[in-house]
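2 protein chains.
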Amino acid sequence: MATLSLSRRVRRTPFSDGVEAAGVKGYTVYNRMLLATVFRSVVEDYRHLKQAVQVWDVACERQIEIGGPNAARLMQMLTPRDLRDMQPGQCCYVPIVDETGGMLNDPVALKLAEDRWWISIADSDLLLWVKGIVFGFRLDVLVDEPDVHPLAVQGPKADKLMARIFGDGVRDLRFFRFDWFDFQGTSMVVARSGYSKQGGFEIYCNGAANGMPLWHALMEAGADLDVHAGCPNLIERIEGGLLSYGNDMTRENTPHEAGLGRFCSTRTAIGCVGRDALLRVAREGPVQQIRPIAIAGDFPPCDRAWPLMAGELRVGQVTSAAASPDFDTGAAIGMVRMTHWNAGTALTVVTPDGPRTATVQDRFWT
Amino acid sequence: MATLSLSRRVRRTPFSDGVEAAGVKGYTVYNRMLLATVFRSVVEDYRHLKQAVQVWDVACERQIEIGGPNAARLMQMLTPRDLRDMQPGQCCYVPIVDETGGMLNDPVALKLAEDRWWISIADSDLLLWVKGIVFGFRLDVLVDEPDVHPLAVQGPKADKLMARIFGDGVRDLRFFRFDWFDFQGTSMVVARSGYSKQGGFEIYCNGAANGMPLWHALMEAGADLDVHAGCPNLIERIEGGLLSYGNDMTRENTPHEAGLGRFCSTRTAIGCVGRDALLRVAREGPVQQIRPIAIAGDFPPCDRAWPLMAGELRVGQVTSAAASPDFDTGAAIGMVRMTHWNAGTALTVVTPDGPRTATVQDRFWT
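As you go down the protein sequences, you meet chains A and B in turn.
Per this note's numbering, the first sequence starts with residue 121, numbered consecutively.
Per this note's numbering, the second sequence starts with residue 121, numbered consecutively.
None of these hints come from the bench; they were simulated from the model.
A virtual CB, placed ideally from N, CA and C, is assigned to each residue, including glycine.
One should not assume that every hint holds.
[Claimed, not checked] Reference listing, derived: stretches of chain B covered by chain A, where coverage requires no fewer than 3 residues with Cβ under 8 Å from a Cβ of chain A:
#1 140 to 148
#2 214 to 228
#3 238 to 247
#4 360 to 372
#5 420 to 426
Using the sequences and the hints given, assemble the complete structure.
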């Protein structure tokens, strides 16, 4: 365990006061903002997330707003996913790649209107890439960070809690759809989405000043539902195969390596950056790819890439790992070369505490 | 004090093993990498820095390498500083701005050759901006992160220590000049530079595998000089007026507001991004600017912007603050509106522990 020194540069969020009052025990830094990692314990948070409902400060999923006549053209330049059929009110998971097909971010895009979009980003300064592209191509769009701050409500009781705040209309939201709902006189986007497999919503809190009123309203309305402050849970997200940009894939990887080939329509996403580079890998397939990996025995926290070995040959690496109580296994996410990525392949993962047996799985633990 | 949860996303450096073995007590996250903030105590580290010599893991100052026929043109596009007279072997502090003149980073550029440069970055993903510009303007350059990792040697005994490792030639380096020196058969850039006012060098460690051998060599050679692991020191950098990007200035600010107008030659830096926006502010001057601020009494760690008030009127903010033992004052860095920025102006700074008297200074504490 290390101590985090605080400064303005590692920014607080509109919900930080609530996170602190709820007894946060650990943070990471995400997009140069505080992101909680644990409240009671990672295992206790995990069990509670699967049974009740949690409120997560995910304001570190910072927003990029794109508005203007060239907004749709810009969005299609940014991603190899074909956005032609995307409707206003829809969320889309959009891998963003550079000119070589290397992943720069894996955000969720929200289409507010034909000429207005938000991009809800993972951990890289995607704003700088977007601004550079806009400047270089002289596109007629405004790009900025709006005063909008995501707060997630996750868990099986999320519908019940959310209906108490926003009305029964939120129950009708389909997965990865959003609509506008009133909170104390302010209209806010609410989407059925979130970084867990337990179901729930993300509220795009409109205005930092509404942050703590919204936090308190959810906590008060959910008291009988055992609502608790929470955060993305390491165990639950690995079980569910939810990738983390910067952990499981980086600029070194194509979307195909990250197992996101199904979100790439390189032939029809005309004008997207990286198309030339991705066309070939789209046809031939990648030489390495993300796989679920079971690890036998105990292991330390995964704070660096752990080599995956087949005898003396390095055939991949593990980048996220946690002990899963529900599945009674070491659950991990790794990148494995095609020669060794078939389910059932037995490998060795080299942890700082020594080698462990690692087995490629055919699916994540859901 | 908060606890930092570790993951691969918050990257270790080639020197992290040394930092840990030296008993690091606190970290921040800088460019998604670990950066130590304290070893013995901030005050003890501060006194030692001013008397002896420290080795700092500043690998989080990540490098961007720009190479190719358009490298010099690209560099001049990136900054309003006029680079026409810059020679190979020279370092230059270069504010980098967007098309509106807002600061994106304040790195040090190293000119290796007419067609090869490194940019040693502050805390933002400048790589994405540079790549976006290069792609948009179809410039003939390669942009990438080289396998180069800065290690700083700072303090009054830095020359003596460095000469033992790299030979007496390092003593001849002038301020903000660099040259190539051998370390165990590998040629490395050594510059006379660093984020303190105590003098010293930055070694651009060539190859991650050379990181720990270099660390150990410095520690062993400096034993009789009382060498110790260190890090940028909050007190010393505020005393010296060394700004921190993300703390004291952000994308909201122009270089002129940050007091960096002397590094901007907007009229002659032909082709630089943001020229149109900066021409006017260069002529009229900014409406707010960085100032040294003395704070009376005690105050908590500065983890957010503290408002500076003149009665009921908000006239600025403090963004870095620390108690200075040597100058027996609360030393701070603030951004103050021109109506109240004259030296001697008495203001009130609103800290989370209550209001304190703040006085604008005419110079930093050096």
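Compare the structure with the hints numbered earlier in the document and write down the numbers of the violated ones, lowest to highest.
none
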